[in-house]
Each structure stands twice: as structure tokens, then as C-alpha cells.
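Q: Protein chains in written order, with the numbering used here: chain Y, 340 to 547; chain P, 340 to 547; chain L, 340 to 547.
Note that these hints are calculated values from the structure, not bench results.
Each residue gets a CB set at the ideal place from its N, CA and C atoms; glycine is no exception.
Heads up, a few of these hints could be off.
[As the list claims (entries may be wrong)] Partial chain Y-side listing against chain L, Cβ under 8 Å, derived: (1) L399; (2) A402; (3) P403; (4) V404; (5) V463; (6) A467; (7) L490; (8) V497; (9) T498; (10) G539.
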Amino acid sequence: MSPPAVPAFSDALVILDYFGISVFAISGALVAAEKRQTLVTFIFFAVVTGVGGGTLRDLLIGAPVFWVHTNATLLLCIVAALVVWLISHRRLAGRALLWFDAAGLAAYATYGSARALSYGVAPVPAFAMGVLTACFGGIVRDVLAGEPSILMRPELYVTAAALAAGLFVGLSLLGAAIWLAAAVGAMAGFGLRGAAIARGWSLPGYRA
Amino acid sequence: MSPPAVPAFSDALVILDYFGISVFAISGALVAAEKRQTLVTFIFFAVVTGVGGGTLRDLLIGAPVFWVHTNATLLLCIVAALVVWLISHRRLAGRALLWFDAAGLAAYATYGSARALSYGVAPVPAFAMGVLTACFGGIVRDVLAGEPSILMRPELYVTAAALAAGLFVGLSLLGAAIWLAAAVGAMAGFGLRGAAIARGWSLPGYRA
Amino acid sequence: MSPPAVPAFSDALVILDYFGISVFAISGALVAAEKRQTLVTFIFFAVVTGVGGGTLRDLLIGAPVFWVHTNATLLLCIVAALVVWLISHRRLAGRALLWFDAAGLAAYATYGSARALSYGVAPVPAFAMGVLTACFGGIVRDVLAGEPSILMRPELYVTAAALAAGLFVGLSLLGAAIWLAAAVGAMAGFGLRGAAIARGWSLPGYRA
Numbered sequence: 340m341s342p343p344a345v346p347a348f349s350d351a352l353v354i355l356d357y358f359g360i361s362v363f364a365i366s367g368a369l370v371a372a373e374k375r376q377t378l379v380t381f382i383f384f385a386v387v388t389g390v391g392g393g394t395l396r397d398l399l400i401g402a403p404v405f406w407v408h409t410n411a412t413l414l415l416c417i418v419a420a421l422v423v424w425l426i427s428h429r430r431l432a433g434r435a436l437l438w439f440d441a442a443g444l445a446a447y448a449t450y451g452s453a454r455a456l457s458y459g460v461a462p463v464p465a466f467a468m469g470v471l472t473a474c475f476g477g478i479v480r481d482v483l484a485g486e487p488s489i490l491m492r493p494e495l496y497v498t499a500a501a502l503a504a505g506l507f508v509g510l511s512l513l514g515a516a517i518w519l520a521a522a523v524g525a526m527a528g529f530g531l532r533g534a535a536i537a538r539g540w541s542l543p544g545y546r547a
Numbered sequence: 340m341s342p343p344a345v346p347a348f349s350d351a352l353v354i355l356d357y358f359g360i361s362v363f364a365i366s367g368a369l370v371a372a373e374k375r376q377t378l379v380t381f382i383f384f385a386v387v388t389g390v391g392g393g394t395l396r397d398l399l400i401g402a403p404v405f406w407v408h409t410n411a412t413l414l415l416c417i418v419a420a421l422v423v424w425l426i427s428h429r430r431l432a433g434r435a436l437l438w439f440d441a442a443g444l445a446a447y448a449t450y451g452s453a454r455a456l457s458y459g460v461a462p463v464p465a466f467a468m469g470v471l472t473a474c475f476g477g478i479v480r481d482v483l484a485g486e487p488s489i490l491m492r493p494e495l496y497v498t499a500a501a502l503a504a505g506l507f508v509g510l511s512l513l514g515a516a517i518w519l520a521a522a523v524g525a526m527a528g529f530g531l532r533g534a535a536i537a538r539g540w541s542l543p544g545y546r547a
Numbered sequence: 340m341s342p343p344a345v346p347a348f349s350d351a352l353v354i355l356d357y358f359g360i361s362v363f364a365i366s367g368a369l370v371a372a373e374k375r376q377t378l379v380t381f382i383f384f385a386v387v388t389g390v391g392g393g394t395l396r397d398l399l400i401g402a403p404v405f406w407v408h409t410n411a412t413l414l415l416c417i418v419a420a421l422v423v424w425l426i427s428h429r430r431l432a433g434r435a436l437l438w439f440d441a442a443g444l445a446a447y448a449t450y451g452s453a454r455a456l457s458y459g460v461a462p463v464p465a466f467a468m469g470v471l472t473a474c475f476g477g478i479v480r481d482v483l484a485g486e487p488s489i490l491m492r493p494e495l496y497v498t499a500a501a502l503a504a505g506l507f508v509g510l511s512l513l514g515a516a517i518w519l520a521a522a523v524g525a526m527a528g529f530g531l532r533g534a535a536i537a538r539g540w541s542l543p544g545y546r547a
């Protein structure tokens, strides 16, 4: 609706978007594999997980939903589902995927906030859009699969997305160049999520 | 937002829409009946299942949500809930409803794709919109009821919607008349779903 | 998209909106507290529960999502989460919260319908928007937490929202002043929900 204030923004960061979509689509298909599902369900989970977060973001900020006017995005998700179906999921699952997912999380959180700012969204909601973009697809994947959501585990996951989005928005407000803000945000988010994977860092739960 | 490119399109297929709404509303109310719910919950489930898929489709393609500017659609869902409440649900449940649901699935998948194409959506997303329109209401119904979703069963359900939507979009791209594409798509989807009901056809699950 | 027909409407009732957001945000954080979650999850649940219903309403009626162009709404939810985190949740949980929630329910149902009518939505969908605004955030909260939803309990909850929204829309159609319609609707909804809390009123479940 409102034209993007800084359109080059989104163009420049589009690679982060495709990377995030692929990684999340693969993680969706892997959940289908763990549940011994059919190929159709593989594709459904790959699509929902791959595009879910960005879809909600675009609906909320009043942008055209990013995958509706192109064939490429959904085809990418379908290919990801086929790849997981055809090669043993054991090769993809486990720690390698965790690290790709960490990279996707950081990329997507940064990109989501950047896209929101480019549509004139206020800073706090723009920060929230980054977190949503990175986490919502995985949350829907877990709800549909009947799994306990990443939300309910103490692991640093949403927190890493919040760090990436928060640094990006904060540095942008302070006048940093987009590329600097994006690099710092994404690297910090990736680092924090990486520490959670490598060292089991987690947040303390609530004690009454 | 963008005006429909082929408005007569939606008008011509509107009967498929009302048929799909009624069948899905009844299936929603039947889930409430199985769970021994109250009349208010009957209505809630009838509405969510009846309009859920089309609502998500309209939000995604940037169309005005189809039931917001008319009273008829919600009243239709409320009547469906009352009908299920007043007559024994045993008469409605079982195989008769399965066959109505199959017809609703085929009708809705075709209509959903047609509406998406009429809003200038690209072919692959238009195909996805057909599948979503047919399946999303039932998925939300199952998540809200705490039931395992149709998504997670090997039965041909999403696949039948995909066949209907895929044939419709494919034939439209090849230049077939709308009515021919819609008839072929809906009949093929209904046939495949019917075979799943009558003969227990299902897709193979993933083997690692 | 369509400009509000009666903009003063929303302005006048905005206090109901903030009250509803706070109460629901607190109820979201309390669910996180019961599940011994982290502070990040507290905030996530506070935001989803606080703004969930109004977000869906705004998407459906084609209004700009109410919290996207201001920082205040999300900050209010974050503060609510911090308050629950910092003070013992035992002081907030229990009957006091139930009564605040009842007030939030009545306020939000009335406000949701008023906002829908002000965007030119037809009466039956405007009534549905009131119910959705009041109930949807709590439903998403329960689904994410893996709890049985308020929907599935016989308690008068959705029904009280329906009474508030229905009276408001009905009296508005009959030409009553906005303030009268809002006061009657909100008080009736609060009264019915209060009776459910105080006396355990509930609806009969379905018997086959």
C-alpha cells in the first residue's frame, strides 16, 4: 500500500530472503520426514515453514505478500521438499541443519526488520517484524505437526532473532549505513544462536 | 486492491463457493458435535471451517475478504451449525458427509485458483491458493479441536485438492475455456478423493 | 483501505482498546508463568494475546493493523510481561485476573464491533469482528501453549463476547447513540461473564 520509502533496501537484502526461505523450507520438510509423512505433506510443511514468517510480516505491514506474484519462491520450497524426500534425511538432520538454521534465523530477522522499516513501520513494530519473520514459520510448523513449539523451550532461539532485529533497528536509528547495521545484527544473532547450539546456552525459566 | 482482471470469472463460479462454504461449515459443526460442545462452539467451528480457507486466500492475494461486506455468508454458516445442532449428528456424520466434503473440496480448490488467477496472481501461487482454499479451514478446525490434522494422515486429501487446482491452472494456461478447465479440474479432484474414500487409496509415507 | 465512515468513533473508544490490550497481555504472560517459561516467552505471549484479536480484525476489515505505526502498543505489552515477571504471579492470577479479563472481554467485543462498523463492514460480520477481537488472542495463546482452548469449555466466555457485540451492533442499527450502545453492550457482556465467574453459569453441551 504505502510505497517503500527506501526501495533499494529490499533489493539489496533479497539474497538474505532466499537463503532464509531455503533453510526454513528444508527444516519444514525434515519435520515431515521425522513423522514419516507423504510427499504432499513434505511440500506443505516446506512451504508453510519457508514462507510463513514473511507472509505474516507482509500482511501486517500492508505490503503485497512477497511470494504471490512470482513462481520462484514456491518452486524453491517444492525443490527443497523434493531434496529432503530423495536423499536420506539423516544426512540433512542433526548438527549441520542446526547451523544452517542459525544462519537462516539471523538473516531472516535482519531482513524482516529492514523490509518493515522500508515500509515506514515504527521502530518497535519493525523490531517485532524481524522476530516474527524469523520465528513464525517454525512456530506454525510445530503447531501443525503437534510438536512442542520452539517458543516453549528455554533454548536461545527467539532471543537470537530479537538480538539480530534489535541491533539492526537500533543501529539504523542511530544513522548507521544499512550494510553495517545488517552485518552487525545478523552476525550477533548468528553468534548468539551458535553459542546456544555449541554450548547449550539457555535462558532461565520463571520461578514463582 | 488490484481490480480483478476477469471479473465475470468469480461471478460465474460463485455457486461453487457457496457449496464449499456450506459443506465445510457442516463438517466444522460435526467436529463440535463429536466433542459434545455448546451451540456457541458449534457456530464458531462452522464459521472457521466454512470461511477459513477463502479468508486466508483473500488476505494473501490482496482481495477484500469475501464475507466482510455481506451478511449472507456468515448467516449460512450459522444456519449450518443450527441444522447440525437440531438434527441428530449421526444422520449427517459418516459416509454421506465424506462424499459431500469430497465435492466441497473439489469445488473449493477450483474456485480458489480461479479467484487467484482473476486477481493476477502468478500460476504457481494460484495453484497454491486453490489447495489452501480447500484445505485451510479444515486444518484450523482440527488444530482448534486438538485433533490430528488431515495433513498428517496418508489419505489422499490435500493431493486431491492439488489435482483439482493443478488441472484447472494448467488447462487455463493452455488456453482452455474457464468452464472446461473448471469442470475437468473439479471432476478429477472429486474422482481422486472419491477413490480414496471408496477404496482407501493413500500415499506412501516417507521411509528413511 | 476504505476510509473510516465515522472516524471519531474509534477515537472515542480508544480507551477500551488500551484497557483490553493490557488485560489480555497480562493473561498471556500469566500462561507463560504457569509454564515456567523464559522472559522472552513472557513477552511473546503477552504480545500475541494482547494484540492478536485486534490484528485479525484489522486484517479482515482491510484497516491498517493498529499497532504497526506506533511504538506504544507493543511497549505496553512488553511492560505487562515485565510486571508479571517481576512480581509474584500468584498475586495476579486467580479471581482478580478473571474479573479484569471479564472487563477486557466486554470492552474489546464492543470496541471491535465499533471499529468494524466504522469501516463500513456489514452488521453480521461486524458482530463477528467484535467476538473475534475479544476471543482470538486468547485462542492463539492457548494453541501455542498446548492448552485446551477456552473455545472447548462450556463456560460462558465466547457467549459473553457475543452478547456484548450483538447488543452494540443491534442498538446501533436501531439508531441508538454510540455511547449508549457501547455502554449497554459492554455492561451486559461484563454482567454475563461475571455471572459465569461468580455462579459457574455454563451452556449445555451437545447430546446426540
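Q: State for each hint whether it applies.
A: Right, here's what the structure says about each hint:
1. Annotation: interface hint on Y/L399 holds; nearest CB of chain L at approximately 5 Å, less than 8 Å.
2. With a cut of 8 Å, the hint placing Y/A402 at the interface with chain L is violated, because the nearest CB-to-CB distance is about 11 Å.
3. The beta carbon of Y/P403 is not positioned within 8 Å of any beta carbon in chain L (closest approach about 13 Å), and the interface hint is therefore violated.
4. The interface hint given for Y/V404 is broken, as the beta carbon of that residue sits about 12 Å from the closest beta carbon of chain L, more than 8 Å.
5. For Y/V463, the shortest C-beta to C-beta distance to chain L is roughly 4 Å, which falls under 8 Å, so the interface hint holds.
6. Interface restraint check: Y/A467 against chain L, minimum CB-CB distance 6 Å, threshold 8 Å, status holds.
7. Taking 8 Å as the C-beta cut-off, the interface hint given for Y/L490 holds, the closest approach to chain L being about 6 Å.
8. For Y/V497, the shortest C-beta to C-beta distance to chain L is roughly 5 Å, which falls under 8 Å, so the interface hint holds.
9. At a threshold of 8 Å, the smallest CB-CB gap from Y/T498 to chain L is about 5 Å, leaving the interface hint in force.
10. With a cut of 8 Å, the hint placing Y/G539 at the interface with chain L is violated, because the nearest CB-to-CB distance is about 14 Å.
The structure shown violates the earlier hints numbered 2, 3, 4, 10.
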